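**Student:** Once you've looked at the hints, dock chain B against the given chain A.
2 protein chains.
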Amino acid sequence: MLKLYYAPATCALASHIALQEAGAAYATELIDFKKNQQNSPEYLKINPKGRVPSLITDRGILTETPAMLAFIAQSFPKARLAPLDDAFAFAQVQSFNSYLCSTVHVAHAHKMRGPRWATEETSFADMKRMVPKTVAACFALIERDMLKGPWVMGEVYTICDPYLFTLAQWLEGDSVDLSALPKVAAHRKRMAERPAVREVLGQERAAA
Amino acid sequence: MLKLYYAPATCALASHIALQEAGAAYATELIDFKKNQQNSPEYLKINPKGRVPSLITDRGILTETPAMLAFIAQSFPKARLAPLDDAFAFAQVQSFNSYLCSTVHVAHAHKMRGPRWATEETSFADMKRMVPKTVAACFALIERDMLKGPWVMGEVYTICDPYLFTLAQWLEGDSVDLSALPKVAAHRKRMAERPAVREVLGQERAAA
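One line per chain: the protein sequences are A and B, in this order.
Under the numbering used here, the letters of the first sequence match residues 58 to 265, in that order.
Under the numbering used here, the letters of the second sequence match residues 58 to 265, in that order.
So that you can see chain A by itself, here it is in the shape it has in the complex:
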């Protein structure tokens, strides 16, 4: 059985929702960031990067959200979570998810994770001040050019949707004005109404 290591309010939510949407049999295990469990010797054996999510499969361990999402889509083809038979359409899905991991998540991370890239308190404060602007710019591009609606790729729900939903959870915390992002806001609302999303958010709240 698949097992997802996650922490609440992290990008692990995307894979958690995808597993639920896929109808997969899976277990979860919470990694407690308050106890720095992600850097414990036990967890570093699972993911030497000291991050969540990690997915235990019968073939081995997978990390990195875009790879896990595509793996879930390919492993449960009946759930139709990605256009698996169309290389161009699949690449569009991957391009969107790659932008989220390499640019949008990274922009957000400069609020709390400054010590990854600098050492001085003044630098951390400077980075933090810029987050509302950089995250807003990323989401403005998503709003204008990427989110086709009603789902990210248009009429069909894909693995892009739980990932966008996950990062869009952080907008208020990053002081981004949601009223400038009506399509993103509507997408978030649409996602929150899906049974799989309600189930997963309920699970994560109960475990936190």
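Because the hints were derived from the structure by calculation, they are not lab data.
It is possible that part of the hints are untrue.
No copy labels: a pair is met if it fits in one copy or bridges any two.
Here are the simulated SDA-like cross-link-like pairs (lysine to any residue), alpha carbons at most 25 angstroms apart as the crow flies [to be verified]: (1) Lys135 - Asn104; (2) Lys185 - Arg108; (3) Lys190 - Ala166; (4) Lys106 - Arg186; (5) Lys190 - Arg170; (6) Lys102 - Glu177; (7) Lys205 - Gln77; (8) Lys205 - Ala253; (9) Lys60 - Arg108.
If you're wondering where the values come from, they're calculated on a predicted model, not measured in any experiment.
**Tutor:** Relative to chain A, chain B alone:
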């Protein structure tokens, strides 16, 4: 015909090599960063993110290196650039490439691209000082846990290899000690001897 927009010494090199390895018919167009051509109105119509690479296909435009690499592998299956019939092995390829785009490239980018995430000169200098350490840490993990050898995924060459080779070009510029990375150094040498890599580096040098 496919067309790759690139700039020399950027991550576009990975897709350029993959196209050559695939035996694809493709054209290239150089985007001149010195003239800030990546932010010209013409180029922003191709890629509104103002970055390279972009790949023009007969179906539309693709951006983001991991997505483009998987697209090239899927579009030219005879070149066997990824394990297309094995979801887990394909996810391992994607996980590696996702780590390169979201963590390794981002660590490197803090040397010259500080203004993406901060505003003060002191912050830029602080970020720059940390780059040798953060990039070295990324590559130490690659050396220890990820690069199986002789190729990234072991005996079989995949789309991970040109991407790793591309980012490994930047190690000296980032003041990372290559003598601590014997497997990465041997991989870079092995890559540099491949006819496709020599051809592409020659093309990029001639155009620069």
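**Student:** Please go over all the hints and tell whether each is borne out by the structure.
**Tutor:** Status of each hint after checking the structure:
no., hint, result
1, Lys135 - Asn104, "neither (29 angstroms within a copy, 33 angstroms between copies)"
2, Lys185 - Arg108, "both (21 angstroms within a copy, 24 angstroms between copies)"
3, Lys190 - Ala166, "both (13 angstroms within a copy, 19 angstroms between copies)"
4, Lys106 - Arg186, "between (27 angstroms within a copy, 22 angstroms between copies)"
5, Lys190 - Arg170, "both (17 angstroms within a copy, 16 angstroms between copies)"
6, Lys102 - Glu177, "neither (31 angstroms within a copy, 39 angstroms between copies)"
7, Lys205 - Gln77, "within (24 angstroms within a copy, 33 angstroms between copies)"
8, Lys205 - Ala253, "within (22 angstroms within a copy, 38 angstroms between copies)"
9, Lys60 - Arg108, "within (15 angstroms within a copy, 37 angstroms between copies)"
Of the hints listed earlier, those the structure fails to meet are numbers 1, 6, in rising order.
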